[in-house]
Amino acid sequence: MDWKSQLKNMIREPSGLLKYINLTKEELAQIDKASSIFPMGITPYYASLMDKNNPECPIRKQGIPSLAELVTAPGEMTDPLGEELDSPVPGLTRRYPDRALLLVTNSCFTYCRHCNRRRKVGDPVKAITPDSLNRGIDYIRNNSQIRDVLLSGGDPFFLSTKKLDSILKELFEIPHVKIVRIGTRVPVVLPQRIDDELVDMLKKYRSLWINTHFNHPKEITSESKKALAMLADAGIPLGNQTVLLKGVNDCPQILKELFYELTENRVRPYYLFQCDQAKGISHFRTPVSRGIEIMESLIGHISGFAVPVFAVDPPGGAGKIRLSPNYFLSSSPEAVVLRNYEGVITRYTEAPHVENNCPGGCAICGEPPKSGRKGAHSGVGRLLSDNTEKAADLIPENLERSFRRK
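According to the numbering used here, the sequence shown holds residues 1 to 406 in order.
Any given hint might turn out to be false.
Here are the computed distance ranges between Cβ atoms for each label pair [as the list claims (entries may be wrong)]: (1) G319 with T346: 41 to 47 Å; (2) R206 with G343: 41 to 47 Å; (3) R141 with E342: 49 to 55 Å; (4) S144 with S48: 43 to 49 Å; (5) D2 with T78: 32 to 38 Å; (6) L383 with D138: 34 to 40 Å; (7) S166 with G16: 32 to 38 Å; (8) G319 with D138: 50 to 56 Å; (9) T72 with R347: 47 to 53 Å.
20 Å max Cα-Cα, derived DMTMM-like pairs, lysine to aspartate or glutamate [stated by the list, open to error]: (10) K246 with E197; (11) K246 with E257; (12) K120 with D148; (13) K218 with E173; (14) K320 with E76; (15) K203 with E173; (16) K246 with E293; (17) K162 with D200; (18) K226 with D195; (19) K178 with D131; (20) K169 with D123; (21) K226 with D250; (22) K246 with D313; (23) K320 with D79; (24) K19 with D79; (25) K120 with E84; (26) K226 with E197; (27) K163 with E197; (28) K204 with D148; (29) K256 with D233; (30) K169 with D148; (31) K33 with D123; (32) K218 with D51; (33) K225 with E264; (34) K162 with D123.
In case anyone wonders, no lab produced these hints; they're calculated from the structure.
All C-beta atoms in this analysis are idealised placements derived from N, C-alpha and C, irrespective of residue type, glycine included.
Start from the sequences, fold in the hints, and give me the full structure.
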């Protein structure tokens, strides 16, 4: 149960699986062929959760290579989220004004078959170097708008505790960095890595958040519960990001059970992600409509804080787009028509119309007193502003109609 021993004995060859599950020679050959595209790596702990005789086991599907990974479906791409497009320095992605994603390693304890970063994860040629890491931290240091940094990879907990401590220390010494988040699958695939030494180091940092990645109730074991309890007892806020996977968890009852168990263990379900359009994982992708259908079965049926946000991260760097069932049916200046989770359609009466002005001399935005609503300075929000200069139309680049006008 020692995590270093688990790492030393990671299952990297198909024959190593025979200790845990039954496989035919043909199946072993198929796994070997599929792993030539994206390497196989599974901790003995995670392999021990697999059903010995059931190929449909959700743990097996997430960890064992499949010939389906050799198929590239229409629309799939190497970099489905366009991370390289928004990478001002190697290993860092900046998609939003106040946030940055920093890759600190490209190694994992288990290589998930639905990985959207499979273009670089597990590839020694594309390892994160000290130089690229330093350049990423320097970029954050030189851009004062960045207040939130997400450490990702690979899995940041693959690093030694000492190395991770040095990265966190350097980031938190930057005055404008207020929050650091760590995205990790360790509580799922190697909960033994969450030991006293690691927790004692992490709890030094007050504004540190950890997001886990549980996809199925079968992944919540006595060992994972112990790891989560150690982190929560240290005062570290915990969230979870679940990927919607066909044949693994695309069922409202499975997800209800998962989210109930997560909240019971002090982990807030944060996102339910539509599976990305990475090459070779089309067999995991459900229709987006399935995600909406599942959200209908969650909202109102379980506690609100146990319901994650359903989000799609479309290609090209558009960022996370939140989707939900439509509860807003219609409106007039006097009322809006809404429906609830049961299908009840109801009226909400608006207050008598009064001018919706911003407070004069607001200390938050620093703008001088004036009447009217202040929308966002950019994006769709600025269309809601009463400032006509800010509320200019948003017109797509290369709009076909504009060429006809010319």
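Checking each numbered hint in turn, tell me which of them this model violates, lowest number first. 1, 8, 10, 12, 13, 19, 20, 21, 24, 29 and 34
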